[in-house]
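Asker: Sequence:
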Amino acid sequence: MKVIFKNFKAGELKVKIDSQDDLWSLSQIIEPTDMVSGKTLRKIKKGDSEAKTTIVKKPVTLSLEVEKIDFHPYSANLRVSGIVKEGPEDVPHGSHHTFDVEEGTIIKITKNHWYKYQIDKVEEAIKQKDIGILICIMDREEAGFALLKQYGYEWLSSFKGDVNKKGLEDKKEPTFYADISKQIDEYVKRYKIEQVIVASPAFWKEDLMKVLKKKYSNLIKKITLATCCETGRDGITEVLKRDEVKTVLQQQRMAKEIELVDRLLSEISKDELAVYGFAQVRMAAETGAVDTLLVTDNLIKYYRQKNIFAELDSVMKIVDKSKGKIVIVSSEHDGGKELDGLGGIGAILRYKINY
Numbered sequence: 001m002k003v004i005f006k007n008f009k010a011g012e013l014k015v016k017i018d019s020q021d022d023l024w025s026l027s028q029i030i031e032p033t034d035m036v037s038g039k040t041l042r043k044i045k046k047g048d049s050e051a052k053t054t055i056v057k058k059p060v061t062l063s064l065e066v067e068k069i070d071f072h073p074y075s076a077n078l079r080v081s082g083i084v085k086e087g088p089e090d091v092p093h094g095s096h097h098t099f100d101v102e103e104g105t106i107i108k109i110t111k112n113h114w115y116k117y118q119i120d121k122v123e124e125a126i127k128q129k130d131i132g133i134l135i136c137i138m139d140r141e142e143a144g145f146a147l148l149k150q151y152g153y154e155w156l157s158s159f160k161g162d163v164n165k166k167g168l169e170d171k172k173e174p175t176f177y178a179d180i181s182k183q184i185d186e187y188v189k190r191y192k193i194e195q196v197i198v199a200s201p202a203f204w205k206e207d208l209m210k211v212l213k214k215k216y217s218n219l220i221k222k223i224t225l226a227t228c229c230e231t232g233r234d235g236i237t238e239v240l241k242r243d244e245v246k247t248v249l250q251q252q253r254m255a256k257e258i259e260l261v262d263r264l265l266s267e268i269s270k271d272e273l274a275v276y277g278f279a280q281v282r283m284a285a286e287t288g289a290v291d292t293l294l295v296t297d298n299l300i301k302y303y304r305q306k307n308i309f310a311e312l313d314s315v316m317k318i319v320d321k322s323k324g325k326i327v328i329v330s331s332e333h334d335g336g337k338e339l340d341g342l343g344g345i346g347a348i349l350r351y352k353i354n355y
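In terms of this note's numbering, the sequence shown has 60 at position 60, counting the first letter as 1, and numbering is strictly consecutive.
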């Protein structure tokens with residue numbers, strides 16, 4: 001995410017979206033009653049009479065008071081819907097509109113109050129750190145390597161290998177798979193890689209795995225296999241759309257959230273530094289005892305749909321003012337599902353409290 005302008009004291013942030021991760025971050029930041037402004041396409045009626053009226057899509061700049069945020073995991077699109085508050089004369093104020101926010105979109109967000117966790121999410125999104133994922137695209141005789149970034153990928157290298165030709169399988173063993181294995185090992189060490197995605201058409205990736213198991217068994221637990229039709233740079237986009245790869249990408253954020261939920265469950269089992277359920281969490285927040293507040297995105301959606309988000313909002317404000325951390329946990333993974341089973345909200349405490 002690229003910040004074009006920010007003044008959190010004035011409630012303003014203007015950003016350019018660089019990646020799908022940015023869309024997820026914005027879905028957790030943008031809330032009903034926020035003002036969102038940007039360029040968009042709007043259907044406009046042209047003509048003086050019914051018979052001559054035509055509808056055209058016209059680029060306009062609008063400001064919406066947000067009513068609804070719609071984002072699905074792994075989607076490349078965030079939909080922000082609301083009431084038009086500012087815009088050109090041919091767009092009626094008070095009418096409804098939806099922004100389709102995607103990579104490359106520039107929007108301005110204005111809030112009455114920015115929570116610290118929201119500011120932290122913005123800061124995390126603009127750091128553009130390497131996320132520790134290496135992609136190896138290969139076929140029978142060529143391999144390419146790319147380093148996944150927050151904003152896309154960096155192409156590292158490619159080479160053609162020494163392979164057996166048809167009818168000459170009895171000759172000396174080729175070094176192609178060994179060369180790929182060596183290159184993967186080198187990149188894992190150089191870039192501190194946590195996950196390796198190996199993709200190929202047909203069964204070439206399985207053949208490579210046989211060599212890796214023999215010579216680099218320490219890498220096996222890092223590897224996820226994927227299927228692709230294209231190779232080289234053209235194959236990267238295809239691979240990134242595969243379900244097995246999307247799971248790996250999700251795990252980067254998921255691991256941190258699951259660790260916090262596990263810590264919460266551990267404290268609950270010991271009847272120590274944890275509470276769960278809205279009523280108990282609210283009481284803990286009011287005493288200033290909350291160190292880390294965990295809330296699932298499912299609970300946030302539920303409170304918004306029922307028009308009772310103000311109740312949850314008040315608890316988050318109390319925690320924020322008392323310098324507690326607020327973490328929005330995805331309900332898509334097991335940790336989030338466990339937290340949903342506890343009411344969707346829990347808190348790790350600074351000290352034990354008695355009710």
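Because the hints were derived from the structure by calculation, they are not lab data.
Given the structure is predicted, the values throughout are model-derived calculations rather than measurements.
In this text, a Cβ means the ideal position worked out from N, Cα and C, and glycines have one as well.
Don't take each hint at face value.
[Stated by the list, open to error] Under the rule of at most 25 Å between Cα atoms (straight-line distance), these lysine to any residue pairs were calculated in the SDA-like manner:
hint	residue 1	residue 2
1	Lys45	Val84
2	Lys301	Phe71
3	Lys325	Glu259
[To be verified] Restraint ranges, calculated between C-beta atoms of paired labels, are given here:
hint	residue 1	residue 2	range
4	Lys192	Leu41	41 to 47 Å
5	Glu286	Lys57	49 to 55 Å
6	Glu259	Arg190	23 to 29 Å
7	Lys306	Pro201	46 to 52 Å
8	Val56	Phe278	44 to 50 Å
9	Asn354	Asn307	32 to 38 Å
10	Glu86	Cys229	57 to 63 Å
11	Gly132	Ile55	34 to 40 Å
12	Arg190	Asn7	38 to 44 Å
13	Ala202	Ile83	50 to 56 Å
14	Ser157	Asp207	49 to 55 Å
15	Lys9	Lys160	53 to 59 Å
16	Asp271	Thr237	25 to 31 Å
17	Cys229	Ser157	57 to 63 Å
Asker: For every hint, state whether the structure bears it out.
Answerer: To see whether the hints hold, each was checked on the structure:
1. Lys45 to Val84: Since the Cα atoms of Lys45 and Val84 sit roughly 17 Å apart, the hinted pair holds (cutoff 25 Å).
2. Lys301 to Phe71: holds (11 Å)
3. Lys325 to Glu259: It holds: about 15 Å lies between the C-alpha atoms, which stays within 25 Å.
4. Lys192 to Leu41: 41 to 47 Å: This hint holds: roughly 43 Å between Cβ atoms.
5. Glu286 to Lys57: 49 to 55 Å: holds (51 Å)
6. Glu259 to Arg190: 23 to 29 Å: Holds - the Cβ-Cβ distance for Glu259 and Arg190, about 26 Å, lies within 23 to 29 Å.
7. Lys306 to Pro201: 46 to 52 Å: Distance hint for Lys306, Pro201 holds at roughly 49 Å.
8. Val56 to Phe278: 44 to 50 Å: holds (49 Å)
9. Asn354 to Asn307: 32 to 38 Å: holds (34 Å)
10. Glu86 to Cys229: 57 to 63 Å: Violated, since Glu86 and Cys229 (Cβ atoms, about 47 Å apart) do not stay within the stated range.
11. Gly132 to Ile55: 34 to 40 Å: violated (48 Å)
12. Arg190 to Asn7: 38 to 44 Å: holds (40 Å)
13. Ala202 to Ile83: 50 to 56 Å: holds (53 Å)
14. Ser157 to Asp207: 49 to 55 Å: violated (21 Å)
15. Lys9 to Lys160: 53 to 59 Å: holds (57 Å)
16. Asp271 to Thr237: 25 to 31 Å: Violated, at about 51 Å.
17. Cys229 to Ser157: 57 to 63 Å: Violated: the Cβ-Cβ distance is about 22 Å, outside 57 to 63 Å.
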